[in-house]
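S.K.: Okay, here's what each chain looks like letter by letter:
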Amino acid sequence: MSVRIQAEPFDLGAEANAFAAAQAGAGAIVTFTGLVRDIAGGLQAMEIEHYPGMTQKAISAMVDQAVLRWHLTGVLVIHRHGRLAMSEPIMMVATAASHRAEAFAAAEFLMDYLKSRAPFWKKEITATSSGWVASKDTDEQALSRW
Amino acid sequence: MIDILYFAWVRERIGLPRERIDTQAATVNDLVAELSAREERYAVAFADRAALRVALDQELSEFSAPLDGVREVAFFPPMTGG
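In order, the protein sequence lines correspond to chains A and B. Quick note: the first sequence uses the numbering used here, first residue 780, plus one each step. Quick note: the second sequence uses the numbering used here, first residue 6, plus one each step.
Note that these hints are calculated values from the structure, not bench results. Just to be clear, a hint being listed does not mean it is correct.
[As the list claims (entries may be wrong)] EDC-like, lysine to aspartate or glutamate: derived pairs with alpha carbons at most 16 Å apart:
id: 1; chain 1: A; residue 1: 902; chain 2: B; residue 2: 17
id: 2; chain 1: A; residue 1: 902; chain 2: A; residue 2: 828
id: 3; chain 1: A; residue 1: 915; chain 2: A; residue 2: 891
id: 4; chain 1: A; residue 1: 902; chain 2: A; residue 2: 826
id: 5; chain 1: A; residue 1: 902; chain 2: A; residue 2: 817
id: 6; chain 1: A; residue 1: 836; chain 2: B; residue 2: 62
id: 7; chain 1: A; residue 1: 902; chain 2: A; residue 2: 867
id: 8; chain 1: A; residue 1: 836; chain 2: B; residue 2: 64
id: 9; chain 1: A; residue 1: 836; chain 2: B; residue 2: 77
Please work from the sequences and hints to get the whole structure.
M.R.: Following this line, the structure appears as structure tokens:
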């Protein structure tokens with residue numbers, strides 16, 4: 780189980796391959812990657828702020844919960860902070876299990892919790908303005924299914 | 006003494022990322038009232054408490070929570086990770 784909070788970019792393919800190589804006996808791996816998307820007005824950059832003391836702890840607690848709920852052979856979470864350009868990977872989650880249902884469920888659980896319980900805040904910057912991304916009610920509601 | 010941290014637009018409205026203050030506030034609500042009475046920028050930042058979240062010693066908490074033994078309080082908008 781690994782949680783990494785970093786400013787540096789990561790190589791999705793290399794991370795996925797290294798993760799897969801470490802999952803002896805697993806039959807299924809799910810990976811999800813979130814990218815910086817364009818917005819109306821043309822995104823120039825995204826600034827991601829986080830709460831350094833809390834971020835690692837909060838995400839590790841989510842991973843602990845996932846491990847209690849599903850039989851997972853491995854979990855990897857990488858989340859970046861700082862200034863990112865359009866289309867850059869922001870974060871990734873990888874889960875490994877014997878069967879796909881558990882790997883999918885654990886990845887969705889982790890994503891739902893990362894969205895609204897990990898202390899990150901995104902700011903979108905265009906040529907003429909900047910604004911904090913608002914949280915969505917649907918993100919909060921998504922937690923109720925777990 | 007207690008450390009208070011601000012993130013995202015809360016940090017921008019108050020104009021600083023963190024400060025250390027001496028307070029007798031018993032709960033987070035009391036602390037918010039005390040800060041809001043201090044200066045307009047705090048009152049503006051704390052105007053809509055429903056739009057804010059609070060963490061005590063790096064754990065999400067409630068505005069009604071007591072501050073006994075708490076060393077670090079953080080105020081921020083709802084999180085937008087992922």
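S.K.: Each hint needs a verdict: does it hold in this structure or not?
M.R.: For each hint, the structure was consulted:
Note on residue 902 (chain A) and residue 17 (chain B): the hinted pairing holds, with a Cα-Cα distance of about 12 Å set against a maximum of 16 Å. With a C-alpha separation of about 8 Å, the suggested pairing of residue 902 (chain A) with residue 828 (chain A) holds against the 16 Å cut-off. A distance of roughly 12 Å separates the Cα atoms of residue 915 (chain A) and residue 891 (chain A); the hinted pair therefore holds under the 16 Å criterion. Simply put, residue 902 (chain A) and residue 826 (chain A) have alpha-carbon atoms about 5 Å apart, close enough for the 16 Å limit, and the pair holds.
Taken as a hint, the residue 902 (chain A) and residue 817 (chain A) pair is honoured in the structure, with Cα atoms around 13 Å apart against an allowance of 16 Å. Distance restraint check for residue 836 (chain A) and residue 62 (chain B): the Cα-Cα separation of roughly 11 Å lies within the 16 Å cut-off, and the hinted pair is therefore satisfied. Between the alpha carbons of residue 902 (chain A) and residue 867 (chain A) the distance comes to roughly 15 Å, so the proposed pair stays at or under 16 Å and holds. Pair hint residue 836 (chain A) plus residue 64 (chain B) holds up; C-alpha atoms about 9 Å apart against a cutoff of 16 Å.
A hinted pair counts as satisfied when its Cα atoms are at most 16 Å apart, and residue 836 (chain A) with residue 77 (chain B) qualifies at roughly 15 Å.
Consistency note: the structure conflicts with none of the earlier hints.
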